[in-house]
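Engineer: Place chain B on chain A using the hints.
In order, the protein sequences belong to chains A and B.
Numbering of the first sequence is given in our numbering, commencing with residue 139 and proceeding in unit increments.
Numbering of the second sequence is given in our numbering, commencing with residue 7 and proceeding in unit increments.
Any given hint could turn out to be false.
To be verified - Here are some chain B residues pointing at chain A (derived, C-beta under 10 Å):
hint : residue
1    : V10
2    : S38
3    : F40
4    : K55
5    : A97
6    : R99
7    : Y106
8    : F110
9    : G111
10   : K112
11   : G113
Just so you know, these hints were derived from the structure itself, not from any lab.
Note that the structure is a prediction, hence the values are computed from the model and not measured.
Glycine included, each C-beta is placed from N, C-alpha and C at the ideal position.
Residue-level listing of the chains:
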Amino acid sequence: EPEVTQTPSHQVTQMGQEVILRCVPISNHLYFYWYRQILGQKVEFLVSFYNNEISEKSEIFDDQFSVERPDGSNFTLKIRSTKLEDSAMYFCASSRGGDEQFFGPGTRLTVL
Amino acid sequence: GNSVTQMEGPVTLSEEAFLTINCTYTATGYPSLFWYVQYPGEGLQLLLKATKADDKGSNKGFEATYRKETTSFHLEKGSVQVSDSAVYFCALRNSGGSNYKLTFGKGTLLTVNP
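One chain only, chain B, in its complex shape:
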């Protein structure tokens, strides 16, 4: 079955540091890949996505590249801000058909200190 593995948190960084949160997946076929973010007290929000191999998703300075050869979708940001403090979830969805369920990783708590 499908599964997503994220690096364990929590991750604590200083403002302007470089961020990487690793994500690898197991799936049949060619899944779509997502990063969701959850700010304190809010629901999960889509941060970025990629739907095929070598696609790069990007949003708000965050990037992730769909690497089929390594089954990875690592999240990166060159310079984090205090406002990026949140929980980040990697997820996948099988492509095709009407099966739209998301399979999530455990989430990684990021804290950015000023």
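The shape of chain A in the complex, shown without the other chains:
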């Protein structure tokens, strides 16, 4: 059964460093998403991506964040200069359209 994969499973970085979180969505899906969950808080929407551009972003998704689909399979989230408050679990998801979103297992980002 096809699934969304994410790497790495855990990323530790120093404050101010750049990180790239990687996702491989399901191959015939057209919509891609990033969500995050700070420990003990809600899962929050960050950004959606369709047809090689951002279709919607939340207020969390500021200039420090960017997304890219560099080839036909990967979907990446870059944080340019990490802050302590970026520590969270980051989930990638994909969907064909307005139907079920399939989620990856998440990347735990720890900023020291």
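Structural biologist: Frame of chain A; chain B shown alone:
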């Protein structure tokens, strides 16, 4: 804006007990409602959904009914098993257009003891 409120966990039950996890929402229009489940070490998986008022979603013995009058979508199961131990998330999505983002509740950790 949209919001989802779930009952606070953790919830601990014995096997074969009855489960209810409450979920209420605030949204404009007529959202679609979802329950996602996250097993240890895995991603969120769709458990069930309902797209209009009075719809009942069901899967694996779990049920939830879309109640527009009370803006609720409570999750129930008549007899839980140890394998149901997981985190459960209630979520909504606005209908129409191409805005597919999900708005989640905080999640409820369920532990079922043998």
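Engineer: Would you mind marking each hint as holding or not holding in the structure?
Structural biologist: Hints versus structure:
Below 10 Å, beta-carbon pairs count as interface contacts, and V10 (chain B) has one with chain A at about 8 Å; its hint therefore holds. Using the Cβ-Cβ criterion of 10 Å, the hint placing S38 (chain B) at the interface with chain A is satisfied: the shortest such distance is roughly 8 Å. At its closest, the beta carbon of F40 (chain B) sits 8 Å from a beta carbon of chain A; the interface hint therefore holds under the 10 Å criterion. For K55 (chain B), the suggested interface contact is upheld, since its CB lies about 8 Å from the closest CB of chain A, less than 10 Å.
The restraint placing A97 (chain B) at the interface with chain A holds, with a minimum CB-CB distance near 8 Å, inside the 10 Å limit. A distance limit of 10 Å between C-beta atoms decides the matter here; for R99 (chain B) the minimum to chain A is near 8 Å, and the interface restraint holds. Taking 10 Å as the C-beta cut-off, the interface hint given for Y106 (chain B) holds, the closest approach to chain A being about 5 Å. Contact between F110 (chain B) and chain A, as hinted, is supported at the beta carbon level, the nearest pair being about 4 Å apart and thus within 10 Å.
Proximity of G111 (chain B) to chain A holds as hinted, the smallest CB-CB distance being about 6 Å (cut-off 10 Å). Interface hint at K112 (chain B): satisfied, since its Cβ lies 5 Å from the closest Cβ of chain A, which is below the 10 Å cut-off. A distance limit of 10 Å between C-beta atoms decides the matter here; for G113 (chain B) the minimum to chain A is near 7 Å, and the interface restraint holds.
Consistency with the previously given hints is maintained throughout, with no hint failing.
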